[in-house]
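Visitor: With chain A's structure known, arrange chains B and C on it following the hints.
Keeping their order, the protein sequence lines are chains A, B and C. With my numbering applied, the first sequence corresponds to residues 1 to 425, in that order. With my numbering applied, the second sequence corresponds to residues 1 to 310, in that order. With my numbering applied, the third sequence corresponds to residues 1 to 277, in that order.
Hints are computed from structural coordinates only; laboratory data are not their basis. Where hints are given, some of them may not hold.
As the list claims (entries may be wrong) - With the Cβ distance kept under 7 Å, some of the chain B side facing chain C (calculated, not the full set): (1) VAL39; (2) LEU79; (3) ARG124; (4) VAL137; (5) SER141; (6) LEU196.
Fair warning: this is a prediction, and the values are worked out from it, not measured in the lab. Think of the CB as a built atom: it goes at the ideal place given N, C-alpha and C, for glycine as much as any other residue.
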Amino acid sequence: MPSVPDFRSRWASAAAGLAVLASALVGCGDGGSTGPVTLNWYNFPDDSGALQQAADRCGQQSGGRYTIHYNKLPRGADGQRQQLVRRMAAHDADVDVLGLDVTWPAEFAEAGWIREWTGEMRERATTDTLDAAVRTATWRDRLYAVPYNSNTQLLWYRDDLVPTPPRTWAEMLSRAQELADQGKPHFVEIQGAQYEGLTVWFNTLVTSAGGTILTPDAQAPSLGAPAVTAAGVMHDLATSVAADPSLPNQMEDQNRLAMESGTAAFELNYPFVYPSMKANQPELFPHFRWAPYPAVSADRPASVTIGGIDLAVGSYSRHPDLAAEATLCLRDRDNQLTNALKGGLPPSLRSLYETAELTTSYPFAADVLAALDSASVRPQTPAYQNVSIAISHTLSPPADIHPEKDVADLRGQIEDALGSKGLIP
Amino acid sequence: MTPSTEAAAAAVPKAAGPSRGARQERRLGLLLCAPAVIVMLAVTAYPIGYAVYLSLQRYDLRFPDQAHWVGLANYGAVLTSSFWWQALGVTVLITVVSVAVELVLGLALALVMHRTIFGRGTVRTAVLVPYGIVTVVAAYSWQYAWTPGTGYLAALLPEGSAPLTEQWPAIGLIILAEVWKTTPFMALLLLAGLALVPDETVRAAMVDGASFGQRLRLVILPLMKPAILVALLFRTLDAFRIFDNIYVLTGGSNGTGSVSILGYDNLFTALNLGIGSAISVLIFVCVALIALAFVKLFGAATPGAEPEHR
Amino acid sequence: MSSRHTRSLTGWGIANLVVVLYALFPVWWIVALSFKDPSTLSDGDFVPRQWTLANYRGIFETSEFTRALVNSIGIAVIATTIAVVLGTMAAYAVARLRFPGKRLLIGVSLLIAMFPPISLVSPLFDIERALGLFDTWAGLIIPYMTFSLPLAIYTLSAFFREIPWDLEKAAKVDGATPWQAFRLVIAPLAAPGVFTTGILVFIFCWNDFLFAISLTSTTSARTVPAAIAFFTGSSQFEQPTGSIAAAAVIITIPIVIFVLLFQRRIVAGLTAGAVKG
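The following block holds chain A by itself, in its conformation from the complex (with noise of 0.2 Å):
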């Protein structure tokens, strides 16, 4: 066996892996002390090219001083949070810029993990803001983060069935019993799965019959009458002729696709839909209308829970200052606009809502602006996982809720999961 070729490929292969590692190594340090900073921004993905748009422009803006960088996040909301809390619980210094879900301030803030918002910059963030959104990035009267898009549904339904419609959810089942007496389509489209689409119609349903799920503190369970109420329009619907059979499995997308296959004639969902439609069932699209969502009570227009993301700043960013002007730039009117054009998501500046650019695309802008307007807030509070959780786990599903019996038994489990007590289901 020859073996100086050995001992030289011997060598080879020690050199080439130690220049692996001493690369590897290397690449982890800092990107190099010349030229611009490099600013990295995490957020969830974006296929449209809005927000890579949108981190060239700013960085072409700041005059050299940083270019930003896009770092895609995982599709799911959960996906996203994961990554987010593992390295910032690692306070990882790469992280500079977070796209946040409306959610989590209150969490991230209490753990440390993001930069408040003071003075002039506080200002400059809340201009023109919409308030749903501000409160949203507010924890203990301090400002953690900056809206960035936002989101509300609408009721959207086809006006071949239904002429003009519902303003109440009553109003909405009786029509939808009418239909089915007729053997039309009938179901009313709603998230009823166990995930947290639950939980914003719990709290939608909540708020718009007056009440909270936390007190003002957010320190314990508020529910009461409002929430009584609220699950006892969740378990009519989901025992009556206008439930969909899959509604116990149902998020978002599968509400869609099946508003769009014709079996539902009324939809609860994000204003997604409408483009969607479009194109995928032109013979339906001209019948497919949208209206408010429906309230509670006659008395009293709905409040419907706002979603949507929120940018904050992290702790352990190597350039805070550069990273919050960059944030206010990366969400400023005109990346919102292109934001709300290509990636189809409502921007959270209110001026943007009466452009006409806006409104071509976006039909229903007005629709949505009013939603926001009146829009509530999830609860509040750095365990607000845990208190979805014991909602969605309560009210699922739906068709078994007992009213008294399941808000008691909520109370508890929400006085649990602000003490971070026990296991959650």
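Guide: What follows is chains B and C alone, placed relative to chain A:
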């Protein structure tokens, strides 16, 4: 040589200490095992130790400074929680049923893969494809198939039934998805075991007049025992820790969650490292008990436990 | 005679067909989903009425998926090779040699195989970040090796114990060199176990999701199962089912090739005539 003289002959050199041959054998043995052992310990010693350490603390990831020692309190909290026992019940049910079905099905598949007279490569590859598909994708495809309106399988059921939304049908579908996905694992190990059964022995039994059933029961299966036990052991250990299929099909809702999903929720969603780690350790204890049962009850000879035949 | 042959041919033909259908029926559903237009996704047709290549084109539009494929193949091949080599060495020692700590080794490796990986992910994340292995190939290869070694060692030693090692001695007595004895007698007997283990380890590395999503953050090391989690539909709520199905089809192809190559070696061990028993 009679046993006593043999023993006497062997006793003499033993009294003088291990022979050089025995020492060389020992050194070679340790040397061959060393790389594997070093890798396994280096990578897992700290994480496993840390997980056990965490299970004895009350530790919320959001407030790392408030972590403090609570001893076995987390275990108490888990073991007295109805969520744990429900998840455990579901897990045990899924494990027992799916492994039993997979054993029978896997054996049948292995026999076909081994004995078929044509298209062997195609059949074997086809059988392994389900195992090779990414689990999450397979689970999505099942979910689509069983959703009324969008799925071809749901169309076979009575109108308006949504099996994934009720506990027992959903568990049945989870077992179906799991069996379809992992029977190839069993089949592959059983096939390799079948390959070790000498043809002459089987043919001799056939010549002796044994029927197929008798050949199977009395010749083939006993000779395959090591392979069967390895397959059963590892499949049971994996089935007990089922996660992906449940997560995608039902998300653990309506009482279909397994212990792994419970651990995942408490660890990653509630960020309760103490409870989450305690759940992990308890899962490990359950799995270890299963492995112990296999070793003790079924005589799964742990490789290396018996004296080797020379 | 020939009618019995025909009958057995038909019998096996039917058996083959049943097996293939059982295995591939749901796979066809995934293939069908990958060729469906987004508008027909919910129509429940088993065979698409409108075929489209849009999903396939979509996933190759950016280099992300291609990079993920390269990562998956490279990481899985390297991890499998190392795991099988180390596992074979250890299994040989366990099956054939006497040395202290053997039962401890088996026990410890089973222990490692049994511990739920969800608890190990975060500590591993911390270690890898400290060592600079985060988001690198090595950062995934090492855990994959580690967690497939127990299965490899256990399977291989179970098979090695069944090999009649005396045959090797007999072959040498018959005049074969040690290398010939190994190649003609031992290797064929060991082959089923080694190739079986190789297939199982490869599929484990290929399909793992938890480690891939937690120990990578960019396309430099992200493998395909993790990359699928980053696919987007036309909105944040839309499940990109078509793209996911297309990706699944694409990444099953290397598995099919790998298995096709390896399964041929899982045959009965003794080569006829090489050694007289």
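Visitor: Hint by hint, say whether it matches the structure.
Guide: Hints, one by one, checked against the model:
Using the Cβ-Cβ criterion of 7 Å, the hint placing VAL39 (chain B) at the interface with chain C is satisfied: the shortest such distance is roughly 6 Å. For LEU79 (chain B), the shortest C-beta to C-beta distance to chain C is roughly 17 Å, which exceeds 7 Å, and the interface hint is violated. Checking ARG124 (chain B) against chain C: minimum C-beta separation of about 4 Å stays under 7 Å; hint holds. For VAL137 (chain B), the interface hint holds, since its Cβ comes within 7 Å of a Cβ in chain C; the closest pair sits about 4 Å apart.
At its closest, the beta carbon of SER141 (chain B) sits 5 Å from a beta carbon of chain C; the interface hint therefore holds under the 7 Å criterion. The interface hint given for LEU196 (chain B) holds, since its Cβ lies 5 Å from the closest Cβ of chain C, which is under the 7 Å cut-off.
In this structure, only the earlier hint numbered 2 is contradicted, and the remaining ones agree with it.
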